[in-house]
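S.K.: We have chain A; now place chain B onto it with these hints.
From first to last, the protein sequence lines stand for chains A and B. Residue numbers for the first sequence follow the working numbering, beginning at 1 and rising by one. Residue numbers for the second sequence follow the working numbering, beginning at 1 and rising by one.
None of these hints come from the bench; they were simulated from the model. Take the hints with a grain of salt, since some may be wrong.
[Said to hold, decoys possible] With a Cα cut of at most 30 angstroms, we get these calculated DSBU-like pairs of lysine-lysine:
{"#": "1", "chain 1": "A", "residue 1": "54", "chain 2": "A", "residue 2": "95"}
{"#": "2", "chain 1": "A", "residue 1": "95", "chain 2": "B", "residue 2": "42"}
{"#": "3", "chain 1": "A", "residue 1": "95", "chain 2": "B", "residue 2": "64"}
{"#": "4", "chain 1": "B", "residue 1": "66", "chain 2": "A", "residue 2": "95"}
{"#": "5", "chain 1": "B", "residue 1": "20", "chain 2": "B", "residue 2": "64"}
[Claimed, not checked] Partner residues aside, some chain A positions facing chain B, computed with beta carbon under 10 angstroms:
{"#": "6", "residue": "41"}
{"#": "7", "residue": "86"}
{"#": "8", "residue": "88"}
{"#": "9", "residue": "90"}
{"#": "10", "residue": "93"}
Using N, Cα and C, we set each Cβ at its ideal position, and we do this for glycine too.
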Amino acid sequence: GIQVEQSPPDLILQEGANSTLRCNFSDSVNNLQWFHQNPWGQLINLFYIPSGTKQNGRLSATTVATERYSLLYISSSQTTDSGVYFCAVGRNTDKLIFGTGTRLQVFP
Amino acid sequence: GAVVSQHPSWVICKSGTSVKIECRSLDFQATTMFWYRQFPKKSLMLMATSNEGSKATYEQGVEKDKFLINHASLTLSTLTVTSAHPEDSSFYICSATRTSGNYEQYFGPGTRLTVT
Numbered sequence: 001g002i003q004v005e006q007s008p009p010d011l012i013l014q015e016g017a018n019s020t021l022r023c024n025f026s027d028s029v030n031n032l033q034w035f036h037q038n039p040w041g042q043l044i045n046l047f048y049i050p051s052g053t054k055q056n057g058r059l060s061a062t063t064v065a066t067e068r069y070s071l072l073y074i075s076s077s078q079t080t081d082s083g084v085y086f087c088a089v090g091r092n093t094d095k096l097i098f099g100t101g102t103r104l105q106v107f108p
Numbered sequence: 001g002a003v004v005s006q007h008p009s010w011v012i013c014k015s016g017t018s019v020k021i022e023c024r025s026l027d028f029q030a031t032t033m034f035w036y037r038q039f040p041k042k043s044l045m046l047m048a049t050s051n052e053g054s055k056a057t058y059e060q061g062v063e064k065d066k067f068l069i070n071h072a073s074l075t076l077s078t079l080t081v082t083s084a085h086p087e088d089s090s091f092y093i094c095s096a097t098r099t100s101g102n103y104e105q106y107f108g109p110g111t112r113l114t115v116t
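So that you can see chain A by itself, here it is in the shape it has in the complex (with noise of 0.2 angstroms):
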């Protein structure tokens, strides 16, 4: 099966900086999400991004599916930005394979 694999595995920031988050997979995928994962456990839908670039505010996307990865781009991070970031992925199903997640803390 596809392997996804996410850096780094753990974050640390100070209020304002920015981060990129990475997303490796192993095989072709025509189905990728990015999420954050909040403290309570609930899992918000980032992007939907199987190729290409988006933007939301803060946060941006870009996935080079020819070359197997995605990057979350983070900018100006808040406190409420921490939690976990999972990259999940999918090739010709509806199923998904999640990462194994970034653990990101933001400090004032």
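M.R.: Coordinates of chain B only, in the frame set by chain A:
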């Protein structure tokens, strides 16, 4: 749009009893619903996929007789943990994809199950 609810949000039960968790798509019809399990500080693991009116498809290693899934309508799926044991304690999360749309999944808030 694309809101998914789960009930209950947390439940404590005794060993040997059964617990039912409901997953509802509130503002859309869901072709497919998924059930995941998440252990503390770990990623999500897919347990099963359910389509309305069909039997669920379970992932390898998931006991279908222990985790009963019913998808009775396009807006409701239920997961019943039968004869629960302490090792079944976990965070269970459901998700759904729209009947008309791409593969994007929308997630419920999760149910924390503790078996004593």
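S.K.: For which of the previously enumerated hints does the structure constitute a violation, in increasing order of number?
M.R.: The structure breaks none of the hints.
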